[in-house]
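In order, the protein sequence lines correspond to chains A and B.
Just so we're aligned: 527 in the numbering used here is position 528 of the first sequence, and the numbers increase by one with no gaps anywhere.
Just so we're aligned: 446 in the numbering used here is position 447 of the second sequence, and the numbers increase by one with no gaps anywhere.
Accuracy of the hints is not assured; some may be wrong.
[As the list claims (entries may be wrong)] Computed, partial: chain A to chain B, Cβ under 10 Å:
| id | residue |
| --- | --- |
| 1 | Asn114 |
| 2 | Leu156 |
| 3 | Leu202 |
| 4 | Trp424 |
| 5 | Asp427 |
| 6 | Phe550 |
[As the list claims (entries may be wrong)] DMTMM-like, lysine to aspartate or glutamate: derived pairs with alpha carbons at most 20 Å apart:
| id | chain 1 | residue 1 | chain 2 | residue 2 |
| --- | --- | --- | --- | --- |
| 7 | A | Lys582 | B | Asp370 |
| 8 | B | Lys261 | A | Asp154 |
| 9 | B | Lys505 | A | Glu229 |
| 10 | B | Lys298 | B | Glu407 |
| 11 | B | Lys464 | B | Asp276 |
| 12 | B | Lys215 | A | Glu229 |
| 13 | A | Lys464 | A | Glu407 |
Think of the hints as simulated: they come from the structure by calculation, not from any bench.
Source: prediction; values computed, not measured.
Even glycine gets a Cβ: it sits at the ideal position worked out from N, Cα and C.
Protein chains: 2
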Amino acid sequence: MYRTETCGDLRLSHVGNQTTLSGWVHRTRKMGGMTFVDIRDRYGVTQLVFNNETNAELCDKANKLGREFVIQVTGLVAERSNKNTNIPTGEVEILVEKLQILNEAETPPFTIEDNTDGGDDIRMKYRYLDLRRSSVRSNLILRHQMAFETRRYLDQLGFLEVETPVLIGSTPEGARDFVVPSRMNAGEFYALPQSPQLFKQLLMVSGFDRYFQIAKCFRDEDLRADRQPEFTQIDCEMSFVEQEDVLQIFEGMVKHLFKFVKNIDFAEYFPRMTWHDAMKYYGSDKPDIRFDMKFVELKEAVLGHDFVVFDSADYVAGICATGCASYTRKQIDELTDFVKRPQIGANGLVYIRCEMDGTYKSSVDKFYSNDDLKAIAEMFNAQAGDLILMLAGAKTKTQKALGELRLEVGARLGLRSKDVFKPLWVIDFPLFEWDEDTQRYYAMHHPFTSPKPEDLAYLDTDPGKVRANAYDMVVNGVELGGGSIRIHDSKLQNRMFELLGFTPEKAEAQFGFLMSAFRYGAPPHGGLAFGLDRFVSLFAGLDSIRDCIAFPKNNSGRDVMIDAPSVIDQSQLNELNLVIDIKISESK
Amino acid sequence: MYRTETCGDLRLSHVGNQTTLSGWVHRTRKMGGMTFVDIRDRYGVTQLVFNNETNAELCDKANKLGREFVIQVTGLVAERSNKNTNIPTGEVEILVEKLQILNEAETPPFTIEDNTDGGDDIRMKYRYLDLRRSSVRSNLILRHQMAFETRRYLDQLGFLEVETPVLIGSTPEGARDFVVPSRMNAGEFYALPQSPQLFKQLLMVSGFDRYFQIAKCFRDEDLRADRQPEFTQIDCEMSFVEQEDVLQIFEGMVKHLFKFVKNIDFAEYFPRMTWHDAMKYYGSDKPDIRFDMKFVELKEAVLGHDFVVFDSADYVAGICATGCASYTRKQIDELTDFVKRPQIGANGLVYIRCEMDGTYKSSVDKFYSNDDLKAIAEMFNAQAGDLILMLAGAKTKTQKALGELRLEVGARLGLRSKDVFKPLWVIDFPLFEWDEDTQRYYAMHHPFTSPKPEDLAYLDTDPGKVRANAYDMVVNGVELGGGSIRIHDSKLQNRMFELLGFTPEKAEAQFGFLMSAFRYGAPPHGGLAFGLDRFVSLFAGLDSIRDCIAFPKNNSGRDVMIDAPSVIDQSQLNELNLVIDIKISESK
Numbered sequence: 000m001y002r003t004e005t006c007g008d009l010r011l012s013h014v015g016n017q018t019t020l021s022g023w024v025h026r027t028r029k030m031g032g033m034t035f036v037d038i039r040d041r042y043g044v045t046q047l048v049f050n051n052e053t054n055a056e057l058c059d060k061a062n063k064l065g066r067e068f069v070i071q072v073t074g075l076v077a078e079r080s081n082k083n084t085n086i087p088t089g090e091v092e093i094l095v096e097k098l099q100i101l102n103e104a105e106t107p108p109f110t111i112e113d114n115t116d117g118g119d120d121i122r123m124k125y126r127y128l129d130l131r132r133s134s135v136r137s138n139l140i141l142r143h144q145m146a147f148e149t150r151r152y153l154d155q156l157g158f159l160e161v162e163t164p165v166l167i168g169s170t171p172e173g174a175r176d177f178v179v180p181s182r183m184n185a186g187e188f189y190a191l192p193q194s195p196q197l198f199k200q201l202l203m204v205s206g207f208d209r210y211f212q213i214a215k216c217f218r219d220e221d222l223r224a225d226r227q228p229e230f231t232q233i234d235c236e237m238s239f240v241e242q243e244d245v246l247q248i249f250e251g252m253v254k255h256l257f258k259f260v261k262n263i264d265f266a267e268y269f270p271r272m273t274w275h276d277a278m279k280y281y282g283s284d285k286p287d288i289r290f291d292m293k294f295v296e297l298k299e300a301v302l303g304h305d306f307v308v309f310d311s312a313d314y315v316a317g318i319c320a321t322g323c324a325s326y327t328r329k330q331i332d333e334l335t336d337f338v339k340r341p342q343i344g345a346n347g348l349v350y351i352r353c354e355m356d357g358t359y360k361s362s363v364d365k366f367y368s369n370d371d372l373k374a375i376a377e378m379f380n381a382q383a384g385d386l387i388l389m390l391a392g393a394k395t396k397t398q399k400a401l402g403e404l405r406l407e408v409g410a411r412l413g414l415r416s417k418d419v420f421k422p423l424w425v426i427d428f429p430l431f432e433w434d435e436d437t438q439r440y441y442a443m444h445h446p447f448t449s450p451k452p453e454d455l456a457y458l459d460t461d462p463g464k465v466r467a468n469a470y471d472m473v474v475n476g477v478e479l480g481g482g483s484i485r486i487h488d489s490k491l492q493n494r495m496f497e498l499l500g501f502t503p504e505k506a507e508a509q510f511g512f513l514m515s516a517f518r519y520g521a522p523p524h525g526g527l528a529f530g531l532d533r534f535v536s537l538f539a540g541l542d543s544i545r546d547c548i549a550f551p552k553n554n555s556g557r558d559v560m561i562d563a564p565s566v567i568d569q570s571q572l573n574e575l576n577l578v579i580d581i582k583i584s585e586s587k
Numbered sequence: 000m001y002r003t004e005t006c007g008d009l010r011l012s013h014v015g016n017q018t019t020l021s022g023w024v025h026r027t028r029k030m031g032g033m034t035f036v037d038i039r040d041r042y043g044v045t046q047l048v049f050n051n052e053t054n055a056e057l058c059d060k061a062n063k064l065g066r067e068f069v070i071q072v073t074g075l076v077a078e079r080s081n082k083n084t085n086i087p088t089g090e091v092e093i094l095v096e097k098l099q100i101l102n103e104a105e106t107p108p109f110t111i112e113d114n115t116d117g118g119d120d121i122r123m124k125y126r127y128l129d130l131r132r133s134s135v136r137s138n139l140i141l142r143h144q145m146a147f148e149t150r151r152y153l154d155q156l157g158f159l160e161v162e163t164p165v166l167i168g169s170t171p172e173g174a175r176d177f178v179v180p181s182r183m184n185a186g187e188f189y190a191l192p193q194s195p196q197l198f199k200q201l202l203m204v205s206g207f208d209r210y211f212q213i214a215k216c217f218r219d220e221d222l223r224a225d226r227q228p229e230f231t232q233i234d235c236e237m238s239f240v241e242q243e244d245v246l247q248i249f250e251g252m253v254k255h256l257f258k259f260v261k262n263i264d265f266a267e268y269f270p271r272m273t274w275h276d277a278m279k280y281y282g283s284d285k286p287d288i289r290f291d292m293k294f295v296e297l298k299e300a301v302l303g304h305d306f307v308v309f310d311s312a313d314y315v316a317g318i319c320a321t322g323c324a325s326y327t328r329k330q331i332d333e334l335t336d337f338v339k340r341p342q343i344g345a346n347g348l349v350y351i352r353c354e355m356d357g358t359y360k361s362s363v364d365k366f367y368s369n370d371d372l373k374a375i376a377e378m379f380n381a382q383a384g385d386l387i388l389m390l391a392g393a394k395t396k397t398q399k400a401l402g403e404l405r406l407e408v409g410a411r412l413g414l415r416s417k418d419v420f421k422p423l424w425v426i427d428f429p430l431f432e433w434d435e436d437t438q439r440y441y442a443m444h445h446p447f448t449s450p451k452p453e454d455l456a457y458l459d460t461d462p463g464k465v466r467a468n469a470y471d472m473v474v475n476g477v478e479l480g481g482g483s484i485r486i487h488d489s490k491l492q493n494r495m496f497e498l499l500g501f502t503p504e505k506a507e508a509q510f511g512f513l514m515s516a517f518r519y520g521a522p523p524h525g526g527l528a529f530g531l532d533r534f535v536s537l538f539a540g541l542d543s544i545r546d547c548i549a550f551p552k553n554n555s556g557r558d559v560m561i562d563a564p565s566v567i568d569q570s571q572l573n574e575l576n577l578v579i580d581i582k583i584s585e586s587k
């Protein structure tokens, strides 16, 4: 071992001891005849002292140390006169007697500090240096702790971690698979799993009873912000359970992580909200309930005042921004621009200011009298000083737009603190989503999700009305995970495939092994999966999942550090029976 | 929840309680007016009783249950008159009051018993049914426990589990990579990692200090017995350590697993053997030291007796099989056939029987007198009744053949019990292996392994003589893991690449990011990796790693259950800019 202690170990109680430390030169400074060097490792930073008077040669050597040199020092632990109370080792320093340079270092392309001078691109290229920064490393330490505590919690409850295969078969449904050409089976391909869904259901058929896996999953999608081609799921499944059992076990897991990692206690049950209410009151299936600001639907109240925008709209609703009557014209214009952005797509924004003098000022004064506006304001319980913001249009689209506006206003009002955590179960999702373009139903979760028994009758008459035994865990507006009780009856499963437009042949080709497994005694089962990357970034207060992944890819799916993907040898292509044929894309 | 207890919970202390169980119908039998059903889940088997006299309708329903039906029953726990002492629940039975069929089952294609009537192929096709057998499931429970305890041990020692990427770049060196075409980067490919080697070394450069990962690795090799295209490594790396530190930490880990999982204590240090001695005395770099039977080299002793086979051989050596003088002609012929098999490749086998009357009988009596044979026998400390077996030929090949013979004889003598565990560190591996075909040196471990400092001088003069800071953990002749202290000095690393025949350009192209990382302050570091699959199969006493993998592939790399790999849609190929072009292989 190159050290007796780490750079984070030494305290006042060690004063007088001999110590040997190894680490990186973090900072050096000369003051008179003294040279001070901060030595850094994963565990901390310790101050080294070299005295030119007592050992000029050694001090000279210290003066030549460059940033990020790897050194080993031996010396006496001494009490510092000017203590640094910001770090646990700040009360001591090492009077160095021996200095060995273990490795030299070129000057790094950016400073190894929490607030570095390096931009995103250079930090990604030199990710191994970026990872030296304690702010980045702490995210990965948190990730380790969360994964470990997840395993500990689930192990204690009898869950078995089972590794499912990474080289599986491709299923054309859903998102695009990454595929892997098989050399031994010419012309055939493996696919990388988008989730272990089918395998975990097979494990239930196998009687594993309680399964989990922290599993890498893969999705070949065009990368939007905060998507990675490979991501990690906490994947879980249980047998002989109903929805309530799953919710309780995994609410327990989330509480355990909050307690263990963040020392936050949730004494009460997490609130539950139906998908219907989430859409109605928050315009989102993952409402941020750190603040209230619920939607109020206004169609009835605003109808018949010759304001054609409202009169012609399917849906009119608004939110009340407490204390925002003082917003300037410019601020309201900003909000209007916000909702008119193409991603949000509203046509305009209507406001009512509840003035301090009890009057109302609105962008639609022309159509609504003061009493009309007052009546609307009362529907929000708006007080003098509040600002009401209204949108109108097609229902679903307008709900979503108003949901985005709500989040924006909440952020502006400082109601979305990263130190406050508001978990929520969203339940009773619809089983199907109707797609206008293809004129067919799609499974909202996936085709194995079971309908609620009380809604089974609608399967034939009104599929859109069928609710699923499906649930999402949402914290602060982030969907951390979700799952469902699965169909374990093969007749019902076949009926589902039919409703989803699968021919029996297509269903057999894609899910034949699961359907065949179900014929040999499938137990009732259900489960869920959490996104570990999102879970960690939520706990770390990060804006992007990228910052809690050791070696992430950029938006083109490239690892710029190792420069992957890359071309491969012709001989590799030959062995795989592949020829590259790049078509000139029409869109270029 | 569909149950109040599991099928493994109930004991005498529960007698009189009401219980609800759910599980699979394991066995049914009628005796007089009674029907007995064994209900099974992951946790055990419990006997259910249906009485035709007290409830004919219910009993009738029970009589119609098929094997592997999924049922839920409610009833009273009662004491059994004829207790089954083989199972923990064998003292009680359930007097069933309510029976619900949760799912029916077709008759499975083989019996769900430890000794099943199903052959390998059908069990793999219906792996989800095979996994219901407790003998198979217990392997996966063991795997879960070993992985979890590994994590617990390493977490306590400050190791951080860091996920390294699965989509990386291809390196033409070493075994063949699986590759993944990139849609977003046309004509380019990712590769799946054969190990996280480069990334874990980068994490050391990043100051992570102690890293581990239980990681999926991939190798596109022609599958010999007991190879899988995807396998799992316990991958570890530490900074500021020397070989001794690594050995101690991971010897501790192996001891922890032995203690925790098998309740075996190893009080002493594991023995250590140099690679040189392992080859000299056991003809293997992974000696099985459950039994002794060391090689005795005989070249000097046998020379000059006009026996041309021995006289012309580079190397003559033998082993002494205790008590085997009584082997029949047929048994000795079997051993001769064994060593002459092409995989072993010896030309013949010479024996000396140490007869009970003090005389010696040999297949080379013609060349050696009784006194000559006695002198040889004494070199083995052979006793009356022992059998000496000798091979001659080129040194390395003959050592390996004699090593195989030693294992075969050990097995015949019952010296290789699966209940005895003999761990061993093999150390001081050569740094390089000379390859006759290509007339160049190859790295025996990998190009990042550091030479022993005392052997550095030979790097230029006699590379074959340089020993590495490399080590393997061997248990019962199985290589469980191995690793090395790495080179952290970029000059030495460059010298290594040179010796291994890399041009600077080629080294830069393949390992540029690592070499560049090393310029920014790499700490001394080293580590190792264990094969989790082998580790589990060793502990489970299995002959194949396949039996401790939930969903293994066959020898053609196929998953016969899900029928992967398979053809993919033309549209997928188009998106990937690929054309399949299967060449007719000349060898067909």
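Hint check:
no., hint, in the structure
1, Asn114, "18 Å, violated"
2, Leu156, "13 Å, violated"
3, Leu202, "7 Å, holds"
4, Trp424, "18 Å, violated"
5, Asp427, "20 Å, violated"
6, Phe550, "5 Å, holds"
7, Lys582(A) with Asp370(B), "83 Å, violated"
8, Lys261(B) with Asp154(A), "19 Å, holds"
9, Lys505(B) with Glu229(A), "29 Å, violated"
10, Lys298(B) with Glu407(B), "23 Å, violated"
11, Lys464(B) with Asp276(B), "15 Å, holds"
12, Lys215(B) with Glu229(A), "14 Å, holds"
13, Lys464(A) with Glu407(A), "32 Å, violated"
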